[in-house]
Amino acid sequence: MTTIMPEGESVRKAIIWVSEKMQEDPQRSLKSIINEAILRFDLSPKDAEFLIKFYQAGKGTANGKGCV
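Per our numbering, residue 16 is the first one in the sequence shown, and the count goes up by one each step.
Calculated from the structure, these hints are not laboratory results. Each hint should be verified, as a subset may be incorrect.
Distance condition first, Cα-Cα at most 20 Å in a straight line; then the derived EDC-like pairs of lysine to aspartate or glutamate [claimed, not checked]:
#1 K61 to E39
#2 K46 to D57
#3 K74 to E51
#4 K68 to E24
#5 K46 to E35
#6 K68 to D57
#7 K61 to E51
#8 K74 to D62
#9 K74 to E39
#10 K28 to D62
#11 K61 to D40
#12 K28 to D40
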């Protein structure tokens, strides 16, 4: 059974998941992690674009160096 999530909830979960994966495997490319998150959390094209831009702007990294 599929759970209906409030709008934006899947993006928040994806951001948390990507951040965890970046810490677990720092050698893995951010692009690869983001692509997996887009599929795993079934993000819409709009949400996928937001996730990519979030990390390009450096908001998703502790050192401010986001890149895709």
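Consistency of the hints with the structure:
1. K61 to E39: Judged against 20 Å, a Cα distance of about 27 Å means the pair is violated.
2. K46 to D57: Roughly 16 Å separates the two Cα atoms, so the pair holds.
3. K74 to E51: holds, 19 Å
4. K68 to E24: With a Cα-Cα distance of about 17 Å, the restraint between K68 and E24 holds, given a limit of 20 Å.
5. K46 to E35: holds, 14 Å
6. K68 to D57: holds, 17 Å
7. K61 to E51: holds, 16 Å
8. K74 to D62: It holds: about 16 Å lies between the C-alpha atoms, which stays within 20 Å.
9. K74 to E39: Roughly 18 Å between the alpha carbons, so the hint for K74 and E39 holds.
10. K28 to D62: Within the cut-off at roughly 12 Å; holds.
11. K61 to D40: Given pair K61, D40 is violated - Cα atoms ~27 Å apart, limit 20 Å.
12. K28 to D40: Judged against 20 Å, a Cα distance of about 18 Å means the pair holds.
The structure shown violates the earlier hints numbered 1, 11.
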